[in-house]
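Chemist: Residue-level listing of the chains:
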Amino acid sequence: MEATVIDLQRVGGEAELLAYDLDGIVEKAYFITTAPVRGFERIVKGKNPVFAVNAVMRICGICHAAHGIASAEAIEDAMGVSPPANGRYLRETIGLLNKIQSHLMHLVMIIPDLIPEPERMKYIVATLNILNKINDVLTKIGGSPTHPPYLVIGGVSRVPDEKTLVNLLEELDKLIEEYIVLRRSFKTSISSSDIYGQLRFKKHKPKYLASHMFYGDKYSIRIDKIRVVRYEDIHEDLPSKARENTSMIALYDGQIVETGPRARLNKYYDYSDDSLWGLQEARLIEIELFLKRTRELLEKVEVGESGHSKVLVYRSGKGTGVFEAPRGTLIHTVELDDNGRISKYKIIVPTMFNIPLIEQAAQGFPSKHVDIVPRIYDPCIPCSTHIIRLDSR
Amino acid sequence: MSGKTSILIYDLGGCEGCPLSIMRSYPRLARIYDVHAKCIGNADIERQYNYAIITGPICLNSQRHIEELKKIRKNSKILIAYGSCASVGGIILYARGGQEPRPDHRVYAPISKIVRVDFSIPGCPPAPQMLISLLGCIRSGRGYFLDLFKAVSAYSKLSGFDLMDEVVLTGICVGCGACVLSCPTNALHMVDGRPDLIVEKCIRCGTCTVRCPRFTQILIQRYKLRERAKMLASLVGGE
Amino acid sequence: MAFQPATIDPSNPLGPYIGAYIARSTAKNVKAGGGGAVTAILLYLLDKKKIDGVVAAKKTRGIKGEIVLAKTREEILMAAGNRWSIVPYTMRLKETLMSTDIRRVAFVGLPCQAQFLRQMKMFPLMEGDFADKIFVIISLFCMGTFAVESFTDYLARNYNVPLEEVENIDIEGDYLVIFYSGKKLRLPIESIIYHVQHGCILCPDYTGVFADISAGRASREGYTLILTRNRLADSIVNNAAYDGYLEISEATEEEIRYAREKALDKLNRSLKYIMRIL
Ligand code: SF4
Ligand code: SF4
Ligand code: SF4
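Protein chains in written order, with my numbering: chain A, 1 to 393; chain B, 1001 to 1239; chain C, 2001 to 2278.
So that you can see chain A by itself, here it is in the shape it has in the complex (with noise of 0.2 Å):
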């Protein structure tokens, strides 16, 4: 067996696969995470929650407002405050659409394995107006595009004026037509892809976990199953290359299970497809449902009534919020002392339940495209390497 090393390029962040090759098929591979662990759950300690929800959605510049959003829920929890409905609706808007932004730039990463020049770069400019289309949407509604300040504790800071949720209805059904045209054209352009057959023919049947089609329920799924371990406790015989890793790992009820879009689609829309490529290709059906529903979620704002719950409880307590972040669940847990200061924080994000699997899948795929496999699980590295060890008791 010969081993390489190959350094990941177009997926969110720093890592490399070690892939051990036998007669041209991975034989075993290993995704090591290289970023450095900024170390998150620390920074916040002892500091005022409001400063967490800033903070924490700096974890990760592609899924931030997933973040902010499980943060604040937690917080909440933990307070004992509530957002009103308008603030629902907005703060499940601006987590959709940054959902949709996180596909689109996924999208926008795995073109060129699947599309050749010069078709590409025409499907790379098609995609990115539709993402900077998005990110105007997300800047009227979070403020910002990345790390929208909106998002608050208690709910969304601003509600949009009558015309600006006008324009705005109409901006998406133009969004939501343009994105069927570059799906359909999309997907006729990859029919003929070599990369494509592959990912087709290659059936891996995971076990899924995922708490809601479009926010995140803490009720649907049991928390104190999950376990997080270090790297070298899932494997044996580790390679001392592979000793390098910055991430953890996760486990549900001590089995490896998959988070993200095919799980939420799996679970909640009948949808089923147990080759590499349905993992894309729930994501292109999540970014139409998402849209459509971002759509019904504005119709539903009141306009003039306020989106948070204007009160901040200083006073200890525990909390926990999850969301589903665009790769999938993810659970933020806090403790308050006294004084209402954070003492405890903790954060499971979806790429840990998911290394695992890439590993697995990696197995038996073809040497010379092996890169594709991590990429097609477009796994989020930012956000997997900050975390710290949850004690399973």
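I should point out that these hints are in silico values taken from the structure, not numbers from a laboratory.
Built from N, CA and C at the ideal position, the CB exists for glycine as well.
There may be inaccurate statements among the hints.
Restraint ranges, calculated between C-beta atoms of paired labels, are given here [stated by the list, open to error]:
| hint | chain 1 | residue 1 | chain 2 | residue 2 | range |
| --- | --- | --- | --- | --- | --- |
| 1 | C | D2009 | A | R243 | 41 to 49 Å |
| 2 | A | D194 | B | S1234 | 58 to 66 Å |
| 3 | B | E1067 | A | V125 | 30 to 38 Å |
| 4 | A | E288 | B | G1141 | 47 to 55 Å |
| 5 | A | L284 | B | R1139 | 34 to 42 Å |
| 6 | C | E2250 | B | G1141 | 42 to 50 Å |
| 7 | C | L2232 | A | V125 | 52 to 60 Å |
Using the hints provided, position chains B and C with the ligands relative to the given structure of chain A.
Modeler: Chains B and C with the ligands in isolation, oriented as in the chain A frame:
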């Protein structure tokens, strides 16, 4: 690619928000430059570049990243610290290490702590058009605020706290409101015609400081004094 | 095109410009004085649909003001310049600009605000910046602004001039002239220097070197000196004149020298002061 100016966009462990914001203007950027980045799949730190755009902070406890950074410095003519983390440390200055699985990653700093930086651009993250505009100015050798971004590279932190200490509390604030409109977390608000900092919202991005007409003046003048002092020191044989 | 570096060069205190004019509004309803010509330019831009609105400081009481987005002729006439106190940009302004279907706006402000706007336009450091909405930046000449409460209290206490009644302020030689309820109060500038904001004493910029158009008092009574700093600005001023909004003529050497001296005064004052606080 033929004759185009080459640029490298490289992240050292930030949140990826900065490179992704750059990527959103990729079609425009690619028309003018030969762009190399991980998001495109052609990043190679072994080759030479005209410009290197570094995002994310440097972890002072990670040899791997420090070596990469030094290599990029050596291989590029002009090095730009892009975004708050790379330029002034940003949120990551709060890091204190001790976290699984690498409790050894303890101290983070702006990249100017390790290598010489030509321009430092705060912003969390800067808007997509920023880079095109900046590179255009650098290439033509002149531009309104290049001195300012050069001056920022001499600082290892800049934030709303400094704005309060150096401008507002010292009474030289004129109350123009530029800082309030420049804060990505709305951490500054006007109270009786003067800005005040909501400390729990400040993520130390430094944007407010480089947008304040008074603070920019101070930054540039101090930088000039510093450069002069350095020159004098080198004349008398010191380092 | 000449570029202004971040610091102002004492050999060129007015900053780079390509055109210098002495101007006056032609319309009867536009008040003469500091802002007359600027108002005429704004009306021209609005009538020709080059802009959707104007962001400017509107006088509320005396020298107090608020920032408004003026979208009609009437609103623009109401908002015509306040340059004796600084009216802060606020989050409300940003929200107004973000949420409506305003696409292009002319900004009228003081030199420090012009610097901020130029910086935003050239180097958008924030994704929430409204850089693409800035159509033209107009700066009013500024010798410094008053600390509002301090100054109005001084006038009320020592001269019985109530805040509400202050209509206009002007400089005549070494005197500051305050127009109120049809009367005039002349005060030596030295006597009121304590009410000028400290930050303004530190400010090196008289004309607004980062603006597209700078405008302020000319030495000739009732006229405005206009500096245009790029081709867009120059064509705006010339077209406004061509279309009869504005009456312009090339500024004389003397007029430029007059502004230059004032600018140099302010720059020197600033350099002296900044050495103390570095
Ligand atoms: S006050 Fe705002 S702009 Fe200034 S450093 Fe803090 S977060 Fe950044
Ligand atoms: S930008 Fe500077 S001068 Fe203007 S209000 Fe803020 S602190 Fe004061
Ligand atoms: S003197 Fe300078 S700081 Fe003061 S108002 Fe005028 S331009 Fe602004």
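Chemist: Range first: 34 to 42 Å. Now tell me if the beta carbons of L284 of chain A and R1139 of chain B are that far apart.
Modeler: 40 Å, holds
Chemist: Could you see if the CB distance from L2232 of chain C to V125 of chain A stays within 52 to 60 Å?
Modeler: Between L2232 of chain C and V125 of chain A, where Cβ atoms are some 29 Å apart, the hint is violated.
Chemist: Taking 41 to 49 Å as the hint, is the beta-carbon distance of D2009 of chain C and R243 of chain A inside that range?
Modeler: 58 Å, violated
Chemist: Has the hinted range 30 to 38 Å been met by the Cβ atoms of E1067 of chain B and V125 of chain A?
Modeler: 36 Å, holds
Chemist: How does the Cβ-Cβ distance of E288 of chain A and G1141 of chain B compare with 47 to 55 Å: does it lie in that range?
Modeler: The hint (47 to 55 Å, Cβ to Cβ) holds, given that E288 of chain A and G1141 of chain B are roughly 48 Å apart.
Chemist: When you take the CB atoms of E2250 of chain C and G1141 of chain B, is the distance between them in 42 to 50 Å?
Modeler: 32 Å, violated
Chemist: Does the Cβ pair D194 of chain A, S1234 of chain B satisfy 58 to 66 Å?
Modeler: Given a distance of about 59 Å, which is inside 58 to 66 Å, the answer is holds.
Of the numbered hints listed earlier, those contradicted by the structure are 1, 6, 7.
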